[in-house]
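Peer 1: As you go down the protein sequences, you meet chains Z and Y in turn.
Counting in numbering that gives the first Met the number 0, the first sequence runs from 0 upward without gaps.
Counting in numbering that gives the first Met the number 0, the second sequence runs from 0 upward without gaps.
Hints are supplied without guarantee of correctness; some may be wrong.
So, partial list: chain Y residues that the calculated Cβ filter (under 8 Å) puts toward chain Z [stated by the list, open to error]:
1) Ser62
2) Val107
3) Pro115
4) Met211
Since the hints were derived computationally from the structure, they do not count as laboratory data.
Since we're looking at a predicted model, the values are computed, not measured.
We put the beta carbon where it would ideally sit given N, CA and C, even for glycine.
2 protein chains.
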Amino acid sequence: MVSDARVTFEFDLATAVAPAGEGLWSARIHEGWDIHGNANGGYVMAIAARAMAAATGKAHPVSVTMHYLAPATAGEVTVRTSVARSGRRFSSAAATIERGGTAIATAVGLFADEVPDGPGRHHAAEPIAEWTPFEKSLPRPASAAVPELMRKLDVRIEPADAAFASGGTGAPLLRGWFAFADGRPVDSLALLLASDVFPPVAFNVVGEIGWMPTLELTVHLRGIPVAGPVRCEFSSLLVGAETFDENGRIWDGSGRCVAMSRQLALLPRSAPAPG
Amino acid sequence: MVSDARVTFEFDLATAVAPAGEGLWSARIHEGWDIHGNANGGYVMAIAARAMAAATGKAHPVSVTMHYLAPATAGEVTVRTSVARSGRRFSSAAATIERGGTAIATAVGLFADEVPDGPGRHHAAEPIAEWTPFEKSLPRPASAAVPELMRKLDVRIEPADAAFASGGTGAPLLRGWFAFADGRPVDSLALLLASDVFPPVAFNVVGEIGWMPTLELTVHLRGIPVAGPVRCEFSSLLVGAETFDENGRIWDGSGRCVAMSRQLALLPRSAPAPG
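Whenever a hint applies, use it, and build me the whole structure from the sequences.
Peer 2: Here's what the structure looks like:
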C-alpha cells in the first residue's frame, strides 16, 4: 500500500517499484511513455533510480548512468539492485532492469539525502543563447512520432531550433521547457526524464527524423529545482561518423543550473554519409 | 603466461588482469600510480576496462562509467564482471573492483571491436583556445603531490593554465599534453587514464591544491588516436557549492577528437565558501 501523496501523479504511478525479495523490485514499464513502442530512456532511468533510492534509503539521484541494452517494451519488469557502498553522505548502487532473463537496461547510481543549494563559486553554465519564455512558447504537439508521451508532458521547443521538423538542417542545438501536463512538480527524479525527452539534437544535423538509440546516458543533479517548469538546452560537440554526444543543461525558474546530462547515441544507419 | 607484446610497457603490466573463475579476475593496483596512496581514477578505470574487454571479448571501451567508492590503495584486488548483453556490434558489461569484500570502484562499460574513424558530420569540438605545441611544452615535474605518477607519464601543462601552482586563481581551464614516459602508444585504453591524470580544474577556482575526490567519471571513445602524444583540454561549467563537473576533450595529432570525458567531483571541505 503506497501512501505517498505524489502517487496521484502519472509519472509516480508509472515509475513505482515494489519490494519483491532481497535486492529485487517489481515494476512495470507503462504504456504511453514510449516512442514507437520503446520506452523513453529518461523514463526507464527513473524506474531504476526509484529502485536504487529505495535500496540505498537515500532520496536524490546525484549521478545516474544507464546503458540501454534491449528495447523497453511495455509490461512487467524486475529491477535487480545491489548496494555497493552505504555512506553517511553518499550511497552507491547498481540496478539492472530485466524481463525473462534478458537485461533491458543497466545502471549505476549515487544517491544522497541532501543536495547543497548554495551559490556556486564559478558558473560558466550560461545558456548558449536566450529563448522564448515558457508562457509565450507553444507546446510540442502530439505527433505520429510521439503519439502519447507528449500528452503526459508539457514540452515546449524553441521554434528557431526545430529546423528538422520542416525537413531542414541546422546547428545541433535544441532549447525548450519541460513540465508535466498534470502539474506534477519537477523534482530531482523528474530531471532524469527531462534529460532525455527532447528530440535528439542530431535531427538538425542529419536533417531527418529517425531512430537514434541512446547507448549511454548520465545525469548529474546539481541542485533541487524550485517550483515551475525547467528550462532545458541540448547541444552536441561532435556528430561523428557513427555516434554523437548530446549535452544537456537544465535550469530552474530561479536561473540556477540544477542538472547536467550527457549521452552517447547512435546515428541512424540510413543517415546520409558525411561530406 | 601473458604473451601480449605490449606487456613490456609499464601501463600494461599495471593494468593486467588474469582469469580467476567465472566472471572473476585477479589484478593488482600497483604502487606508483597513486596520489598520496590513492590510485589515480583513470588508472583504476583502465583495470576494470581490461577485465570488461576480456569478459566481452571486445577490445575498445566505447563508453565507461566508474563510481569511486573507497580508497584504491596498492595491492591485490578482485574484479567481478558480468556481461549484460553480447551483441554483434556492441557488448555491455559491469565490473566491480573488490578487496576483502569491500567494493573499491564499480563500473559499467560498452565495448566494440571497431570504432568508426570517418569524418564527422558536425564538429563543434574546437579547443577553447590554442596552446603550446608538445615539443615546446615543459613536462610536469614530479612533486610532493604526485611523486611517482608523473615519472611514468609525460604530462605537459599549459603554463597559462597553472595559476593554482603559484597560489593564484583563474578560470577552470586546464590544457596540456599526454604521453607515456616509456613510449607506450596512446591507445583507446590509455585515453581512460588521460581523462583523469591532469590536476582538477577546480584548483584554479578555489586557489588551493587539495583532495578533490572523483564521484563519477565517464569516458566516451570517439576515435582511435594516431601515434604520438594527445592534446587534452579540461574545463568546468559549474564549480558549485559542493561539487564540480570537469569536462575533458582529447585530440590526437591529426586534430581529430578521439575522446570526451566528464566527471563529477567533490570540492575539498576546507575550500573557502563561495562569495
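Peer 1: Take the hints in turn and mark each one as holding or not.
Peer 2: Now for the hints, and whether the structure bears them out:
1. Hint on Y:Ser62 holds. Least Cβ distance to chain Z is approximately 4 Å, under the 8 Å limit.
2. Because the smallest distance between the Cβ of Y:Val107 and any Cβ of chain Z comes to about 5 Å, under 8 Å, the interface hint for this residue holds.
3. Against a cut-off of 8 Å between C-beta atoms, the interface hint on Y:Pro115 holds, since the closest Cβ of chain Z lies about 4 Å away.
4. The interface hint given for Y:Met211 is broken, as the beta carbon of that residue sits about 12 Å from the closest beta carbon of chain Z, more than 8 Å.
Hint violations for this structure: number 4 only, all remaining hints satisfied.
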